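S.K.: Each chain is listed here by its residues.
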Amino acid sequence: MKRYQTQIHRCFRCGYCKFPTDYSALNCPSYSRFRFDSYSTGGRLWLTYAWLKGEIPWSEHLAEILYACTTCKNCSEQCPMKFAPEIVDWIIEARSDMVEQGKIPARVKRFLESVYNYGNPQKCLREDRAAWADGVRRYKKGDDFLLYVGCLGSYDENGQKMARNVAGLLEKAGLSFGILGEEEECCGNEVYSLGELDLFNALAGKNIARFKELDVRKVITLCPHGYNIMKNKYQGMGHKFEVYHYTQVLESLIRDKLLKPNGKKATVTYHDPCYLGRHNKIYDPPRKVLQSVRGIELTEMSRNKADAFCCGGGSGNFMTDYLAGGQDSPARIRVREAGRTGAGTLAVACPGCMVMFQDAVKAENLEDKLQVKDISAIIHESVMD
Amino acid sequence: MIDVYTELTSIVDKDFVSKNREELYMYGRDPGLMPPHEPDYVVMPSSVEEVQAIIKLASREKIPVVPKGGGLSLTGLVIPQKGGILLDMKKMDKIIEVNESGGYAIVEGGVTHGALKSYLLKHHPELRHSIPDSPPIATVVANAVIHGQGRLTQQHGFNSEMVSGLEVVLPTGEICRIGSCAISPHWFSKGPPMPDLSSLFFGWFGTTGIITKLGIKLYPCKKYRDPMLFLTDKAELVPDIMRRLARTEMIEDLVVTAQPIPLRYRGNFYILFYITGDSDEELEFKRKMCWKALRDYFEKREGGFVSLVPEMKAPMLSMPSKDTTRFADVSKGGGFEYSGPIAPIEKFPVYVKKLADLAEKYNLFYSSAARMIDGGHCMMFSFSYTFNRADPQTMKKAKEALDEAAEFALDNGGVMWKPNLDEQKLTMQKMDPNTLGLMMKIKKLLDPNGIMNPGNWEVSR
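Residue numbers (our numbering), protein chains in the order written: chain A, 4 to 388; chain B, 296 to 756.
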């Protein structure tokens, strides 16, 4: 019996999970978007329990409610109960039951089928996986670091730019590193959070086998999602290695003066990605990297760090997009919040957030006022100036 | 036959109208023990005009309407007993005005206590409102509608007494202003010097209309706030201790806790109260006055002050208190409910004995928080019991204990606060028949079609 089945009734539905610490706004992305109690964490847990008890049947709508959760972990952060750290695990376990029973909503099904058939959710060809990596060499035994770029880094236009910037900076700093190129597999973070645990195991197994074969000891990930899954789920699966998000590595390279950003005047606000922030408590390195550029004034959004509002793209929603549509979509709310700081740049550290915010600034007509930029791009420009 | 769903989507953005099984399930129950009953539609209006149009539709078609805030009364007050349209008011979430000099805020019907607290802290840090210990999603309006209490209740009475004006959609669809705002642009009084019509909407649980705007009084937010904790193991002393502290006129909030665990709580009564001030001198003076008020008790060793280290103070100072919510999971069952009579403070010893007796009889875990109201004129005493949502037996036992507690409280001078349907029946049975008759006349006059939250305050035929 899965743990959630014996624990899920413990949610009192108090609603603390809907807020950030100061109650200044709604901080659950799906509740903020839909506003029905059913779309809050409490609603999701109560409905899942009702489904378990047979009080309500499975429906596409029920599944969409479950899959509208971006696994941003705000609920765990705010829930006053002792079981708070387990909430996202319960949601994933419930999803895994739906997957096992073949009861998943259409868009999730397409996402998983794409990963199964193509090795990525975008349905891109494996031979194009390293198309971004002109001149970046493949990892070979003895290299210090493996740069793992993931599906968005491999195939998304903005993700590819991020990957090139990071690779360029690592090269400039003289780091010994390489990539897996066409042999890189999807990290499986989204697949895991969508509840397809068999597929996740297969993906993780392939990556780990390759890491083992190449004796990879240190991995740098482009994406916080990849960082999260490797840090928290790959360990104990047969090969030990260290994982770093690229902002951690940049911080260290700048500190050691291996990278020397030049000054640039700009007002920047930084969006904490959920899988870097709440999931792994990495709040300072990205900020330190930004502050290493003389002239950058870092201004915080009112919701930041553990209270940051999710972009709405987590758990595959950057593709499935259950929270899209209208001005209440989380990404649009967040870029408006970023705009209110007066910053001209919204800095991100995740290709998924980049996808969400690029669309949102257009929808909000903020393109002239707010530029969405990845931290690697900001540093790349500054270092290469 | 009209298609109600289509009519509703012509009034409110269709994204905020649902007849899906899942929404009906969620809005058909609350975290307490009253049996569920589902609505036919869930609607989230975003303006008074939308509320008005819905009410006119419901009135014309005689469809029940239940307005809902946070849905945290635990006593099933927004369970749609006869189906119909459930109005989730939380999309009406604008804080319209904070009048600094007049000391009030005007909020829409779905503004939460959390949002108001946060807004005041950011924009008007010198002002505060009376925050209840229900979770922050509780709405200001719903809390006033049920005569809720908050952190300023000891000083200023029930939160409903802090209301300074209303905008209401009547059950027949008229939009009506109540209080000074009916005549003046200023929302400084809910009634006086005019006839106070506001009481037509508080304590009625939405059976007389829907509050779409509310003026709520704000009070000085002192720079310093400090908890003090007095401990005694003698229940019979508690009323006098409460009274003495109230009469210093030095304290803000006062709550007495009785519960068997952690072990240090067993057999003891923890009297937690707060002093506030704008300077150390003010705080120190108040602290001394409170000490002085209770000196003979600790000199006779019948009680004493507990020394509080900062780690102990932090949860006491948080508003709302998450500890109140945590009680639901002390036995890992996800549920608690309380019967909360409003009663004279001298009833504390008999109530607290009954609380423990019922816990033993039904083998339940208990807790009580007794909050002093309005300078000691009365208190809210909670008979709180946990239950396990996954175990129908504990739910049944908790309900039986609560029913017995309600009967006991009523027989012992109390009046039920936010009574569930069973407690409403008991209350109406015990009530002066002429008073009950007046209540029913008022209700009939305001809601001739009986569409508003039917089942509540209803005399069974």
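Hint data in this document are derived by calculation from the structure and do not stem from the laboratory. One should not assume that every hint holds.
What the hints assert, rightly or not - Take a look, some chain B residues computed to stay more than 12 Å from chain A by CB distance:
hint : residue
1    : 301
2    : 316
3    : 317
4    : 369
5    : 392
6    : 411
7    : 481
8    : 577
9    : 585
10   : 618
11   : 625
Claimed, not checked - Covered stretches of chain B, going by a simulated chain A footprint (3 or more residues, C-beta under 8 Å):
hint : stretch
12   : 425-436
13   : 659-668
From a predicted model like this one, the values you see are computed outputs, not experimental measurements. C-beta atoms are modelled at their ideal positions from N, C-alpha and C, and glycine is treated no differently.
S.K.: Beyond 12 Å from every chain A Cβ: check whether that's true for residue 316 of chain B.
M.R.: 6 Å, violated
S.K.: Confirm or reject: residue 481 of chain B is not an interface residue toward chain A, with every Cβ-Cβ distance exceeding 12 Å.
M.R.: 28 Å, holds
S.K.: Against chain A, does residue 411 of chain B hold up as non-interface, every C-beta pair farther apart than 12 Å?
M.R.: 9 Å, violated
S.K.: Taking the shortest Cβ-to-Cβ distance between residue 301 of chain B and chain A, state whether it exceeds 12 Å.
M.R.: 19 Å, holds
S.K.: Using C-beta distances, would you say chain A covers the stretch 425-436 of chain B, given that this needs three or more residues below 8 Å?
M.R.: With 3 residues close enough to chain A, the hint holds.
S.K.: Should the label of residue 392 of chain B as a non-interface residue stand, given a Cβ cut-off of 12 Å to chain A?
M.R.: Residue 392 of chain B clear of chain A: closest Cβ-Cβ about 18 Å, beyond 12 Å.
S.K.: Just checking, residue 618 of chain B versus chain A, shortest CB gap more than 12 Å?
M.R.: Check fails; 8 Å does not lie beyond 12 Å.
S.K.: Taking the minimum C-beta separation from residue 625 of chain B to chain A, is that value above 12 Å?
M.R.: 10 Å, violated
S.K.: Please verify the coverage claim for the stretch 659-668 of chain B: does it have three or more residues whose C-beta sits within 8 Å of some C-beta in chain A?
M.R.: Per the Cβ count (0), the hint is violated.
S.K.: Any Cβ of chain A at or closer than 12 Å to residue 369 of chain B, or is the non-interface label fine?
M.R.: Violated, since 10 Å does not exceed 12 Å.
S.K.: Could you let me know if the closest chain A CB is still more than 12 Å away from the CB of residue 585 of chain B?
M.R.: 30 Å, holds
S.K.: Would residue 317 of chain B pass as off the interface with chain A, using Cβ distances and a cut of 12 Å?
M.R.: 5 Å, violated
In the structure shown, a violation is registered for the earlier hints numbered 2, 3, 4, 6, 10, 11, 13, in ascending order.
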